[in-house]
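> Here the protein sequences line up with chains A and B, keeping their order. Under the working numbering, residues 1 to 111 are what the first sequence spells out, in order. Under the working numbering, residues 1 to 349 are what the second sequence spells out, in order.
Careful: at least some of the hints might be erroneous.
As the list claims (entries may be wrong) - Computed spacing ranges between beta-carbons, pair by pair: (1) B:His202 <-> A:Asp12: 37 to 45 Å; (2) B:Arg266 <-> A:Glu49: 51 to 59 Å; (3) A:Pro39 <-> B:Asp221: 49 to 57 Å; (4) B:Ala7 <-> A:Arg75: 52 to 60 Å; (5) A:Ala10 <-> B:Gly303: 24 to 32 Å; (6) B:Gly173 <-> A:Asp15: 17 to 25 Å; (7) A:Glu49 <-> B:Gly303: 34 to 42 Å; (8) B:Gly141 <-> A:Arg78: 55 to 63 Å; (9) A:Gly57 <-> B:Thr10: 54 to 62 Å; (10) A:Glu43 <-> B:Arg266: 55 to 63 Å; (11) A:Asp15 <-> B:Val209: 26 to 34 Å; (12) A:Asn8 <-> B:Thr18: 51 to 59 Å; (13) A:Arg81 <-> B:Gly246: 15 to 23 Å; (14) A:Asp15 <-> B:Lys35: 38 to 46 Å.
Stated by the list, open to error - Chain A is nowhere near these chain B residues, computed Cβ spacing over 10 Å in every case: (15) Asn115; (16) Glu166; (17) Arg205.
Hints listed in this document are in silico derivations from the structure and should not be mistaken for laboratory results. Nothing here was measured: the structure is a model prediction, and the numbers come from that model. Note that beta-carbon positions come from the ideal geometry of N, C-alpha and C, so glycine has one too.
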Amino acid sequence: MKGAIVINVASDFSDYPTGRYISDSPVSGQRFRDEFLIPKLDEAMRRGEKLVVDLDGVQSLGSSFLEEAFGGLVRSQRAHRKAIIESVVIRYSWAGNRIYENMIKRYIANA
Amino acid sequence: MAYSGDALETVVSRNRPTRPPARICLDENREESLKFLKLLRFRQERYRDANHKGWIQRRPGRMPYIRGYLDFSKIEYVSTAAALVMASYYERARILRGETPPTIDLHLWNETVFNTLLEVGFFEIVGITKRPPELVRISAGARTTMQFVSGQGPSELRAVCEGISELVVDTFGSEMPELMYLRSAISEAITNVQHHAYPADHDFRFRHVDRWWATASTDKDNGSLKIVFYDQGASIPITYPRMSLGREVLSFLDKIVSRGVGSEFRDDAAYIEAAMTYGNSKTGSPERGEGLPQMKASIDHFGRGRLRIYSRSGVCTYEPNQAISRSAYAGTVGGTLIEWTIFGLGEQA
Numbered sequence: 001m002k003g004a005i006v007i008n009v010a011s012d013f014s015d016y017p018t019g020r021y022i023s024d025s026p027v028s029g030q031r032f033r034d035e036f037l038i039p040k041l042d043e044a045m046r047r048g049e050k051l052v053v054d055l056d057g058v059q060s061l062g063s064s065f066l067e068e069a070f071g072g073l074v075r076s077q078r079a080h081r082k083a084i085i086e087s088v089v090i091r092y093s094w095a096g097n098r099i100y101e102n103m104i105k106r107y108i109a110n111a
Numbered sequence: 001m002a003y004s005g006d007a008l009e010t011v012v013s014r015n016r017p018t019r020p021p022a023r024i025c026l027d028e029n030r031e032e033s034l035k036f037l038k039l040l041r042f043r044q045e046r047y048r049d050a051n052h053k054g055w056i057q058r059r060p061g062r063m064p065y066i067r068g069y070l071d072f073s074k075i076e077y078v079s080t081a082a083a084l085v086m087a088s089y090y091e092r093a094r095i096l097r098g099e100t101p102p103t104i105d106l107h108l109w110n111e112t113v114f115n116t117l118l119e120v121g122f123f124e125i126v127g128i129t130k131r132p133p134e135l136v137r138i139s140a141g142a143r144t145t146m147q148f149v150s151g152q153g154p155s156e157l158r159a160v161c162e163g164i165s166e167l168v169v170d171t172f173g174s175e176m177p178e179l180m181y182l183r184s185a186i187s188e189a190i191t192n193v194q195h196h197a198y199p200a201d202h203d204f205r206f207r208h209v210d211r212w213w214a215t216a217s218t219d220k221d222n223g224s225l226k227i228v229f230y231d232q233g234a235s236i237p238i239t240y241p242r243m244s245l246g247r248e249v250l251s252f253l254d255k256i257v258s259r260g261v262g263s264e265f266r267d268d269a270a271y272i273e274a275a276m277t278y279g280n281s282k283t284g285s286p287e288r289g290e291g292l293p294q295m296k297a298s299i300d301h302f303g304r305g306r307l308r309i310y311s312r313s314g315v316c317t318y319e320p321n322q323a324i325s326r327s328a329y330a331g332t333v334g335g336t337l338i339e340w341t342i343f344g345l346g347e348q349a
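Chain A extracted, bound-state conformation (with noise of 0.2 Å):
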């Protein structure tokens, strides 16, 4: 990995992220997506770096964040799914959160 950005979803977003849209909750997967993940997004493709998702602290991830945060990433067609697919990595501590990893990966192939 040449460099690496970094966005901890608990420490820079919410440790209790929830819902789908804003509307829902004003930490929402729409607007994680929105603020943190499509501007980090394009800053790490145009670095040639990662971007890296530390899952580490959050304390609840429902189906609905997820899914139209990184879902919701492929539909905003900022990149190609595949160049998302290439350059999101998800970090975590607890094996626990491999049931997210998958889940995030699943969105992403399937959005």
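Go by the hints and put chain B onto chain A.
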């Protein structure tokens, strides 16, 4: 003797009290319990319509009177889930009318029932006790219960989840990272309520207050954690068939939904099972609307436990590595009630 808030007075009942079932529990005594809950809903609504002067009628020179009451002193057991549903009805009455029905003959109530209602926070709704600034956990024997949390959106998610974490630490001695699966499922339950439970175009039999309610309890003796989440919404059997469902879901429903004559509620459990299996996508995209499948998966991740969902007149139960079982019952839970039960926690801690 009638308590209205913290005021106590002697009142006359114009009608004989109605006797509730001795055991109010959806698992052990489902039909009787649902009949009782339905009666509770109807009485609150009826008295509200018939009497705009308050639950207790007052005329100069006469004893204050009530039209009738449910004799809670005859109840010997109430489950946490049923207590939460009862508390939600009283909270609805308080929000809509500014007051709740009086509690009658509190001194005669069974101690176990009193404690269960105290644990979930019932007496705070009826105004007898004040709600403390922080969530309280109350123990009775091996069981500890977190007082209920109620909300309209996600702002109380943290309170529920932190309350559950503290409950588990208190009971079993250590935090469990796997609670992440349950916290995520609760997050989805709240989002589901926001998106589906109270559709603007649904003709609600009872006025709703656009809220959800949650509580949790642990049992140290059997190492269990139970989380109960309830809404008074239109219910899955109403909202699910109205969504844009994918071909796979429609094919599944085609196989299990009956076509014959019978109660309009006969297929309620089939719709719950479909929603648990395939999700409740409004968009037709298979990845969207995965709330109920995620709730089901939370039980798989633990590997031991049970998810039970009551909605209107159907109930579905899921245990890891088993097929969903479904059944119908007479009566309705008046919305959707979700129960996660996790076993064997003491062994891990």
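> So, for every hint listed, does it hold in this structure?
Going through the hints against the structure:
no. : hint                             : in the structure
1   : B:His202 <-> A:Asp12: 37 to 45 Å : holds, 39 Å
2   : B:Arg266 <-> A:Glu49: 51 to 59 Å : holds, 58 Å
3   : A:Pro39 <-> B:Asp221: 49 to 57 Å : holds, 53 Å
4   : B:Ala7 <-> A:Arg75: 52 to 60 Å   : holds, 58 Å
5   : A:Ala10 <-> B:Gly303: 24 to 32 Å : holds, 26 Å
6   : B:Gly173 <-> A:Asp15: 17 to 25 Å : holds, 23 Å
7   : A:Glu49 <-> B:Gly303: 34 to 42 Å : holds, 38 Å
8   : B:Gly141 <-> A:Arg78: 55 to 63 Å : holds, 57 Å
9   : A:Gly57 <-> B:Thr10: 54 to 62 Å  : holds, 57 Å
10  : A:Glu43 <-> B:Arg266: 55 to 63 Å : holds, 56 Å
11  : A:Asp15 <-> B:Val209: 26 to 34 Å : holds, 29 Å
12  : A:Asn8 <-> B:Thr18: 51 to 59 Å   : holds, 57 Å
13  : A:Arg81 <-> B:Gly246: 15 to 23 Å : holds, 21 Å
14  : A:Asp15 <-> B:Lys35: 38 to 46 Å  : holds, 43 Å
15  : Asn115                           : holds, 30 Å
16  : Glu166                           : holds, 13 Å
17  : Arg205                           : holds, 27 Å
Checked against the numbered hints given earlier, this structure breaks none of them.
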